[in-house]
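Chemist: full-length UniProt numbering puts the first residue of the first sequence at 1, with every later residue one more than the last.
Rather than coming from a laboratory, the hints here were simulated on the basis of the structure. Worth double-checking, as some hints may not be accurate.
[Stated by the list, open to error] Pairs of lysine-lysine residues, derived as DSS-like cross-links and limited to a Cα-Cα distance of at most 27 Å, are as follows:
1) Lys22 <-> Lys55
2) Lys125 <-> Lys135
3) Lys59 <-> Lys99
4) Lys99 <-> Lys134
5) Lys135 <-> Lys122
6) Lys134 <-> Lys122
7) Lys22 <-> Lys113
8) Lys99 <-> Lys125
9) Lys134 <-> Lys113
10) Lys22 <-> Lys59
11) Lys135 <-> Lys59
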Amino acid sequence: MSAQLRNYDCATYKNEDIDLRKGPWTVEEDALLTEYVSIHGEGRWNAAARCAGLKRTGKSCRLRWLNYLRPDVRRGNITLQEQLLILELHSRWGNRWSKIAQYLPGRTDNEIKNYWRTRVQKQAKQLKCDVNSKKFREAMRYIWIPRLVERIQATSGSPTDHSTTYTSCNSHLDIPANSESVQITDPMKEWIMPEPSGTSSESLDTQVSPVSDVTEYQNGSGLYPEEESGRWVETEMGMQNNSILGEESLDSLWNQENIWFLQQQLM
DNA sequence: AAGTCACCCAACCGCGGGTGG
DNA sequence: ACCACCCGCGGTTGGGTGACT
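Just need the whole structure built from these sequences, with the hints factored in.
Modeler: As structure tokens, then:
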């Protein structure tokens, strides 16, 4: 335990003495907060800020812990599986970042939100349509997501069955429309949510609030119908072949040619 | 080398809900 | 019932960085 933390007397702390700090956290601040949480656990962030001797608000401490210091936080590129899951869950719940983050172990709501804003919204902007528009959702559903699925299958080495490349979102994410219980169905769960070594399968059966969010999602039209299956799907753009974009990488999925194609379809 | 631009991400802000006095 | 406080969520912003000219 650091001398600062050991010697600090919460009871004598005077709020008026605080000259609150803002901006980036220092190594010393990180160490103080980490040490405090390791002893007292999470929660009571205002008390944590005071007792750890941090000149920060409780909110700032909470954010720093959850988004950065927490030992199980994952950093680095969002994987294909995670991208797929984000697209799927966002289509169902909208901007419920913290809720979506519950299904991406180690990822924070902030990270997912940033991913959405920087990557997904950028594509919508390039397509000159709103990210919440039906047209963009269909572009995601019938082109982006199938390409993700194909890439995931390709990289996992499993054979690609084009007749079932993409049926509907709910075909590989078994999310009951009237339930919060999200269960990943076999065999998809292996590549959507690879089970961390040494952990139980609990993460695959995460239970959350029993209240349905489906009805809460104001853009309710974002829900996918269940009936589609197979390679050809009927969209607002007309009959759409899932393989229409060929075999280019996802990174080039949204190249100018594709954007042009989509723009034609979206007219 | 310097300037500009776009992207990414950490952190802040405002708001609403929950809770205890 | 009211108020104050705390916590969590979603939206937004500002700084760092790399690519490009």
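Chemist: Does each hint hold? Answer for all of them.
Modeler: Structure-based check of each hint:
1. Taking the CA atoms of Lys22 and Lys55, the gap is near 9 Å; set against the 27 Å cutoff, the hint holds.
2. Taken as a hint, the Lys125 and Lys135 pair is honoured in the structure, with Cα atoms around 12 Å apart against an allowance of 27 Å.
3. Our distance criterion of 27 Å between C-alpha atoms is met by Lys59 and Lys99, whose separation comes to about 19 Å.
4. Using a Cα cut-off of 27 Å, the hinted pair Lys99 and Lys134 holds, with the two alpha carbons roughly 22 Å apart.
5. Restraint check: the Cα-Cα separation between Lys135 and Lys122 comes to about 15 Å, which is no more than 27 Å; the hinted pair holds.
6. The suggested pairing of Lys134 with Lys122 holds, with an alpha-carbon distance near 16 Å, which does not exceed 27 Å.
7. The suggested pairing of Lys22 with Lys113 holds, with an alpha-carbon distance near 22 Å, which does not exceed 27 Å.
8. Distance hint between Lys99 and Lys125 is fulfilled; the C-alpha atoms sit about 25 Å from each other, no more than 27 Å.
9. For the given pair, Lys134 sits about 20 Å from Lys113 by alpha-carbon distance, which is consistent with the 27 Å threshold.
10. Among the hinted pairs, Lys22 with Lys59 is consistent with the structure: their alpha-carbon atoms are about 11 Å apart, no more than 27 Å.
11. Of the pairs offered as hints, the one joining Lys135 and Lys59 is violated, with about 38 Å between alpha carbons and a cut-off of 27 Å exceeded.
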